[in-house]
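J.: The residues making up each chain are set out below.
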Amino acid sequence: MADLAVKPDPTETRLAALDMPSCGAWGRAVREAALARLRAMGRATNIGNIPAPTR
Amino acid sequence: MVPAAVFQNDEEPPFEGLNRLKLVFVDGVFDAGASDDLAETGLEIERLETAMAQDIHWAKDLYGALETNGQTPVARPLAALNSAYASDGIVLRVTAPVARPISLIYRHENPTSDAILHHVIKVETGASVTVLENGPAAARLNKVMEVDVADGAAFHHVRAQGRDHQRRAATHIFARLGTESRFKSFTMTVNGVLTRNECVIELLGDDAQAHVAGAALGDGEFHHDDTVFITHDAVNCESRQVFKKVLRNGATGVFQGKILVKPGAQKTDGYQISQSLLLDDDSNFLAKPELEIYADDVACSHGSTSGAIDEEALFYLRSRGVPMADAQDLLVLAFLAEAVDEIEDEELRAHVSTRLSGWLERHRS
Amino acid sequence: MLEIKNLHVKLEEEDKQILKGVNLTVEAGKVHAIMGPNGSGKSTLSYVLSGRDGYEVTEGSAHLDGEDLLEMEAEERAAAGLFLAFQYPVEIPGVGNMTFLRTAVNAQRKARGQEEMSATEFLKVVREKAKTLKIDADMLKRPVNVGFSGGEKKRNEILQMAMLEPKMCILDETDSGLDVDAMKLVSEGVNALRDAGRGFLVITHYQRLLDHIKPDVVHIMANGRIVKTGGPELALEVENNGYADILGEAV
Numbered sequence: 000m001a002d003l004a005v006k007p008d009p010t011e012t013r014l015a016a017l018d019m020p021s022c023g024a025w026g027r028a029v030r031e032a033a034l035a036r037l038r039a040m041g042r043a044t045n046i047g048n049i050p051a052p053t054r
Numbered sequence: 000m001v002p003a004a005v006f007q008n009d010e011e012p013p014f015e016g017l018n019r020l021k022l023v024f025v026d027g028v029f030d031a032g033a034s035d036d037l038a039e040t041g042l043e044i045e046r047l048e049t050a051m052a053q054d055i056h057w058a059k060d061l062y063g064a065l066e067t068n069g070q071t072p073v074a075r076p077l078a079a080l081n082s083a084y085a086s087d088g089i090v091l092r093v094t095a096p097v098a099r100p101i102s103l104i105y106r107h108e109n110p111t112s113d114a115i116l117h118h119v120i121k122v123e124t125g126a127s128v129t130v131l132e133n134g135p136a137a138a139r140l141n142k143v144m145e146v147d148v149a150d151g152a153a154f155h156h157v158r159a160q161g162r163d164h165q166r167r168a169a170t171h172i173f174a175r176l177g178t179e180s181r182f183k184s185f186t187m188t189v190n191g192v193l194t195r196n197e198c199v200i201e202l203l204g205d206d207a208q209a210h211v212a213g214a215a216l217g218d219g220e221f222h223h224d225d226t227v228f229i230t231h232d233a234v235n236c237e238s239r240q241v242f243k244k245v246l247r248n249g250a251t252g253v254f255q256g257k258i259l260v261k262p263g264a265q266k267t268d269g270y271q272i273s274q275s276l277l278l279d280d281d282s283n284f285l286a287k288p289e290l291e292i293y294a295d296d297v298a299c300s301h302g303s304t305s306g307a308i309d310e311e312a313l314f315y316l317r318s319r320g321v322p323m324a325d326a327q328d329l330l331v332l333a334f335l336a337e338a339v340d341e342i343e344d345e346e347l348r349a350h351v352s353t354r355l356s357g358w359l360e361r362h363r364s
Numbered sequence: 000m001l002e003i004k005n006l007h008v009k010l011e012e013e014d015k016q017i018l019k020g021v022n023l024t025v026e027a028g029k030v031h032a033i034m035g036p037n038g039s040g041k042s043t044l045s046y047v048l049s050g051r052d053g054y055e056v057t058e059g060s061a062h063l064d065g066e067d068l069l070e071m072e073a074e075e076r077a078a079a080g081l082f083l084a085f086q087y088p089v090e091i092p093g094v095g096n097m098t099f100l101r102t103a104v105n106a107q108r109k110a111r112g113q114e115e116m117s118a119t120e121f122l123k124v125v126r127e128k129a130k131t132l133k134i135d136a137d138m139l140k141r142p143v144n145v146g147f148s149g150g151e152k153k154r155n156e157i158l159q160m161a162m163l164e165p166k167m168c169i170l171d172e173t174d175s176g177l178d179v180d181a182m183k184l185v186s187e188g189v190n191a192l193r194d195a196g197r198g199f200l201v202i203t204h205y206q207r208l209l210d211h212i213k214p215d216v217v218h219i220m221a222n223g224r225i226v227k228t229g230g231p232e233l234a235l236e237v238e239n240n241g242y243a244d245i246l247g248e249a250v
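Protein chains in written order, with numbering that gives the first Met the number 0: chain X, 0 to 54; chain S, 0 to 364; chain V, 0 to 250.
Worth double-checking, as some hints may not be accurate.
Said to hold, decoys possible - Facing chain S, from chain V, some residues (calculated, C-beta under 8 Å): (1) Ala77; (2) Gln107; (3) Gln159.
To be verified - Restraint ranges, calculated between C-beta atoms of paired labels, are given here: (4) Leu69/V with Val73/S: 24 to 30 Å; (5) Tyr205/V with Arg361/S: 47 to 53 Å; (6) Glu187/V with Arg361/S: 41 to 47 Å; (7) Asp14/V with Ala294/S: 58 to 64 Å; (8) Gly149/V with Asp279/S: 43 to 49 Å; (9) Gly65/V with Asn248/S: 38 to 44 Å.
It should be emphasised that the hints constitute simulated quantities derived from the structure, not laboratory data.
C-beta atoms are modelled at their ideal positions from N, C-alpha and C, and glycine is treated no differently.
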């Protein structure tokens, strides 16, 4: 099966890399909220329910 | 880095020759020079970056909001990742019926590019718009589209995924539908080692309509996943999921589709069909059709099948002089027809059909 | 035109001999009828001639105007001028009847090195021919045979035959499932195609079709062989006395 290779770096490092300065108040808020959701999901190591191939 | 070769053939890009407003992204970055002028009657188009730089913006109520709603009951981490890290996208407000389609063209030029695109689309009451998407975008693409369709508004979406075979794409559409609104989305997928298209729709106003359809052709290393979750939370709404996949040489197709009918969502008309045509013994189709219904006056049906090409029909065509390969292509296109017919616009439907038959001709064994 | 010699055929999957030495020659301009009880091998003969999979020719030959049919693919046989009107025409959801007809006509033209028919020319011809068979515009638009009544399916077969203009037409139980009116319509369609350059092989269980499509020669087939050959009066004999008498006599 193809490798679903989009795996974020540990969240803390990426938080710093997040391009926040260009964001206004709302942009910053929604991005931070999304990041919080992502962290809550266990750092997105579980990529959801893609079924494993049968062989 | 997972490189994906930029593949070229002499085939014309999809939707060529159509009168449309072109917005071009190259490896996930908006290219103003290659795009048309953003001024268009009935539309306000902004780049995500520009919108986010403001302190106040209408997109605040949508960006990440529909995505958040779509995180329950099933978590969609790639979508959350997208909302956090999106690097570009468009923010579109439709205030009236728009005459020509908005065409998002995703070019892929750098073989190791990653792109995270996030579009926010708001179709205001009584307005309507058609959005086209095509191109591989990047070696790896993560895309989210959040669509708010207000009362009496209509959103049409036709997408052609393909070209660069090595590319990987994970896309999400999150949509919220108001009273008497209409949402129609069709996706054609040919090529691509990995594609996952998720579509999460909430029917929140009475008498709304949501149709999601897909036609996929996979040959060899090809993993294609359609994941759909439609929630009926209003009275007398209609939803249709029509997904067809043609698979061969070890290609894998996945369908996970759900219709959730909430308490009180009476007179729901839900339909779901997922079918695969397996052209050999090496290909797989994995299907998980689901219905979850908490209202007592609804009509929901679903079906899922896997089958081979109809030998009787093949012989019938050949006995009329149609050569084997042509007969097979004709039957493959016939199999896909129910999905393709979900495209309302005749011209767009013809564009998609031409792509499909072109692909079949180039992939004859 | 059609020359079948000592044709032996068995099922590919099992050791079952169906045809056991069929000899038959159909001349251009003639209508031959094959009658026989169920299971005598009539339909198998039509399938083997048209190139359907699942059969194995163990002995004998079949030629169309000197060309070896058994060496050809089904589509090549069609392009060479062979046509089979199916007993059970196949439904093909998703393929429009018109698209189907045009694809077939142009595929055969291409195979013969002729120019393809233009869309307008094709439309004109097909409408004209459909009209005589009482096939309306709606039936032409609908997917091939899907939702067609028995009579409509058979009329659609004859329309295909009229469009493809084959040299040799095989009609397999075309009368099955037809009421009197439909049988008349279908027969008229067939009779309109009769000419000096075209041969017909009409396979039927009953004599009634032969009231409408008058045969020149009638063969009786039983147990994988042609056991008796005669004129149109032979069909009447079957009608009056059944197969038992003839078969008893032939054995």
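J.: Against each hint, give a clear statement of whether it holds in the structure.
T.: Going through the hints against the structure:
Satisfaction of the interface hint for Ala77/V is found here, the shortest Cβ-Cβ separation to chain S being roughly 4 Å, below the 8 Å cut-off. Because the closest C-beta pair between Gln107/V and chain S is about 4 Å apart, less than 8 Å, the hint holds. The closest approach between the C-beta of Gln159/V and any C-beta of chain S is roughly 6 Å, which is under the 8 Å cut-off, so the hint is satisfied. At about 59 Å, the beta-carbon gap between Leu69/V and Val73/S misses the expected band of 24 to 30 Å.
Separated by about 51 Å at the C-beta atoms, Tyr205/V and Arg361/S satisfy the suggested range of 47 to 53 Å. For Glu187/V paired with Arg361/S, a C-beta distance near 46 Å keeps the hint of 41 to 47 Å intact. Between Asp14/V and Ala294/S the beta carbons are some 59 Å apart, a value that agrees with the proposed interval 58 to 64 Å. Taking the beta carbon of each, Gly149/V and Asp279/S are about 36 Å apart, not inside 43 to 49 Å as hinted.
Taking 38 to 44 Å as the suggested C-beta distance range, the pair Gly65/V and Asn248/S conforms, at roughly 41 Å.
Hints 4, 8 from the list above are not met by this structure, while the remaining hints are.
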